[in-house]
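There are 4 protein chains.
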Amino acid sequence: MRFDLTSPGAASPPAPPWATSRWFNLPAGHDSLALDELRGRVIVLHTFQMLCPGCVFHGLPQAQRIAQAFAGEDDVAVIGLHTVFEHHAAMTPVSLEAFLYEHRIRFPVGVDAASEAGTARDPLPQTMRRYALQGTPSLVLIDRAGRLRRTGFGAEEDLGVGAAIATLLAEPKDR
Amino acid sequence: MRFDLTSPGAASPPAPPWATSRWFNLPAGHDSLALDELRGRVIVLHTFQMLCPGCVFHGLPQAQRIAQAFAGEDDVAVIGLHTVFEHHAAMTPVSLEAFLYEHRIRFPVGVDAASEAGTARDPLPQTMRRYALQGTPSLVLIDRAGRLRRTGFGAEEDLGVGAAIATLLAEPKDR
Amino acid sequence: MRFDLTSPGAASPPAPPWATSRWFNLPAGHDSLALDELRGRVIVLHTFQMLCPGCVFHGLPQAQRIAQAFAGEDDVAVIGLHTVFEHHAAMTPVSLEAFLYEHRIRFPVGVDAASEAGTARDPLPQTMRRYALQGTPSLVLIDRAGRLRRTGFGAEEDLGVGAAIATLLAEPKDR
Amino acid sequence: MRFDLTSPGAASPPAPPWATSRWFNLPAGHDSLALDELRGRVIVLHTFQMLCPGCVFHGLPQAQRIAQAFAGEDDVAVIGLHTVFEHHAAMTPVSLEAFLYEHRIRFPVGVDAASEAGTARDPLPQTMRRYALQGTPSLVLIDRAGRLRRTGFGAEEDLGVGAAIATLLAEPKDR
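Read top to bottom, the protein sequences are chains A, B, C and D. With the working numbering applied, the first sequence corresponds to residues 1 to 175, in that order. With the working numbering applied, the second sequence corresponds to residues 1 to 175, in that order. With the working numbering applied, the third sequence corresponds to residues 1 to 175, in that order. With the working numbering applied, the fourth sequence corresponds to residues 1 to 175, in that order.
In case anyone wonders, no lab produced these hints; they're calculated from the structure. Among the hints, a few may not be true.
Straight-line Cα separation of at most 20 Å, DMTMM-like style, residue types lysine to aspartate or glutamate; simulated pairs [said to hold, decoys possible]: (1) D/173 - C/171; (2) A/173 - A/86; (3) A/173 - B/171.
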C-alpha cells in the first residue's frame, strides 16, 4: 500500500499496549497515557534514546516538526518513547528530564519499562521488544482503530512521513 | 480545510489552462502537455525562475524530492513551469535547457508564455497572471477533478506539502 | 588584532591552569593533562555541556572538524572540557562517557572540577570561573607561550576560527 | 607545506595574468582589474560557472563567506572569474549579470576570455587554460608576491581555506 503503510485489514495487527515506568510532559490531569486512551486518533510514536546521535540529529527534530505541522489536528497524537537498550546507567530519567527541557521537547514522552528479567539479562525494554523495533530512532504509525500500520527505522524523509500520516487521517473513523 | 487545502466544493474553482511556448522533458510522443490531459491525477505544479535563489535553494530541490517520494504513484504528476517575470533576456529557453540539464531536473517543464502585450508592457507571463501567483517559487496543487486546491508562495515545509498531496490522493476519483 | 585575537603582548594574560576531576580519551601513558604539558603548541579548548543543544548541534561538530582539519599539525592540540553549570545530576561522568562514545568524540576531554563550595552554593565549575566563560559552548584559543588569546561564546564561523588558529600557528615558537 | 599551500620558494611559480573580456562589480574608477594591481595583497580567486550546481550550492556561498570573514582585511582581495567551458550560449554576460544581482554577489567578477581559436574548436577560456584548472568551482590562492600557492577543485572545507588564507596573510610583505 501507499507510503509504506500496511493495508487496514487483517495484515495490520492491533498495536501492542505500551509498558512504561514514567512519563514526562503529560497533559494536565494525567499521570500516565495508555494506547487505548488515544483510540480514534492517528498516533505517531517516536522511539528514541537521548544519547543516540541519529535520534538527536534526525529523529527528534523530525518528531518536533511533525508535532508542529499537525498541531491543528486534534486527530493526531505525537508521543515519544525512551527505549533505552544500551548505556542504561547513562540515560536515567534524571538525565532524560534535563534533556527534554534543554531540547524543548514538549510532546508526551514515556520511559519504556525495563525488562522484567533485568537489563543485565535482557537489555531491551518491554515495549521495544513487543513492537520488535530494530533500534533507535524508530517511527511507528498507529491508525484510528489501534492497528499498527507502519514501523520505520532510521532517518526517514519528511514528505513520505507527512503523506503517510495524512493517509491515515483520511481514513474513516469507524473503519 | 486541512493542510491549507481549500474544500473540494464550490470554493475551489477549476484551475485555469496553462499557456506555454515550449516544453522540456516531455514523455515520449508528446510535444506539449495540457492540464486537461492530466485529469484524474493529482497535479503538483511548481513554478520557478532559474535565476531566483529561493527557487534554486528551496523550491526546485523540494520539487525533485516530491517527484522522488511520489514516484510510485501514477496518480501524481509533478510539473514545472518557468514563469519569468524579470530579467527576461537573462532567462531564455537556451539558458533554461542547460540549467535543467545541469541541475538534473527530469520532470516535464513548460515555459510560461510571455504576455501578448509584450514583456516590456506587461512583464508577467500569461499563466502566472491567470493563477494570480505572487512570485517564485510557488507551489500549486490541483485535484483529480482539475480544481485549484492550494497555492503557496515561498519556502514550504515538506511535512505539510506531503500531507496535502496525500490528502488529495485519498479523495475519490469521481468526486 | 586579526580574527578576534588579542595581541601577543601584555594584553594577553597567561591562560589559567585547568582544574579537572577526570579525563577521557587521554593519550597512552597519561592519567591527566595539564596546560603546562602543552606549552609550545597552539591549544584549542572547547568547553561544552553534553545536554546543551548549541554544543551538540554546533560546538562539538566544529571541534571535531577542527581536530580533523588540523590532524596533520603536531603543533595544534584540541582539548574538550565538560563545564557543567546546570542540571548537575543529569550530566555525570557516567553519562558523559556514553555520550563521547556515541558521538565519536576522540580528542581528550576533561571534566571541569566542581566548585569547592559545592555546586548547590556555586553551580559554576572551577575552570569555567577562572576563564570567566559566559556559557556553553565556548571556544578558547591559547598560544604557544600559554597566553589566552581569544574566548568566543556561542556559534562561530569556521572560516574565522580556522584563520585564528593558523595565525597563532604562524607565530614564532619562542615569541 | 601546511594547508595544501606550496612553499613560497621556487616551487611556486608566478600566477599567470588573467585574460578577461568584461568585469562586474568593479570598484569605482576601474574598468578592469589586473593581477598586477593587487600585488602586495593575498588574492582569493574563485572560478565558477553560473549553471554549475557545485558552484551555486558550495563554491559561491563559500566565496561570499570568505569575502565577509575577511572584510576587515585590506590585505585580502576576493575575486570571481566566470570560466565558461560548456553551454556557452546559455551563460552569456547578460545572464551572468542577472545571476550576480539575484545571488547578491558583490565582489568583483571577471569574465574569462574565450579561446582565440573560438569556443567551437577550444571550449576552454584562456585564463582557465593558463591556470590548468580541472573544472568548476576552483579556488586559487595567490600570495602577496603574486605567486600561485594553492589550487583546489570542488568543495573545500571552510576551516582549511580560512587557515590557508591566514597563513598567507601572516607571511611578510616583502618576502
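**Report entry** Broken hints, by number
**Finding:** Number 2 - this is the single hint that the structure violates.
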